[in-house]
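The task is simple: from the sequences and hints, build the whole structure.
In full-length UniProt numbering, the protein residues as written are 1 to 91.
No wet-lab data here; the hints were simulated from the structure. Possibly wrong hints are sitting among the right ones.
[To be verified] Here are the computed distance ranges between Cβ atoms for each label pair:
no.	residue 1	residue 2	range
1	S22	P55	35 to 45 angstroms
2	F60	E24	14 to 24 angstroms
3	N44	P9	14 to 24 angstroms
All C-beta atoms, glycine included, are put in the ideal place defined by N, C-alpha and C.
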Amino acid sequence: MMRQTPDDPAAADLDNLAADASEETRQALAERLVPYIRAVREANPGLDDSRADAPRGKRFADKVIDDAMAELYNPAQLDVLRRAGELLRGS
Numbered sequence: 001m002m003r004q005t006p007d008d009p010a011a012a013d014l015d016n017l018a019a020d021a022s023e024e025t026r027q028a029l030a031e032r033l034v035p036y037i038r039a040v041r042e043a044n045p046g047l048d049d050s051r052a053d054a055p056r057g058k059r060f061a062d063k064v065i066d067d068a069m070a071e072l073y074n075p076a077q078l079d080v081l082r083r084a085g086e087l088l089r090g091s
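Shown next as structure tokens:
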């Protein structure tokens, strides 16, 4: 599903973000991630709707993805992704 997306230093910084990252670091990274997330969404237009037709429904897919993200990312990384999502919804 994912087409080729460019590498971005902000994405690498998210991967390497320490669990104890400061509030300022988290906010700055969230702001830097927004253009990258937009680029990924533009390159993969079906990505936002990919859960809508999940075999067991959108709610089940949302839960599975949320559980997987909680396993893969530390609390600071999840916080940055949440903040980036809020910034995207606000723009």
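Evaluated hints:
1. S22 - P55: 35 to 45 angstroms: 41 angstroms, holds
2. F60 - E24: 14 to 24 angstroms: Taking Cβ atoms as reference, F60 and E24 lie about 37 angstroms apart, which means the hint is violated.
3. N44 - P9: 14 to 24 angstroms: Roughly 20 angstroms apart at Cβ, these two residues keep to the hinted range, so it holds.
In the structure shown, a violation is registered for the earlier hint numbered 2 alone.
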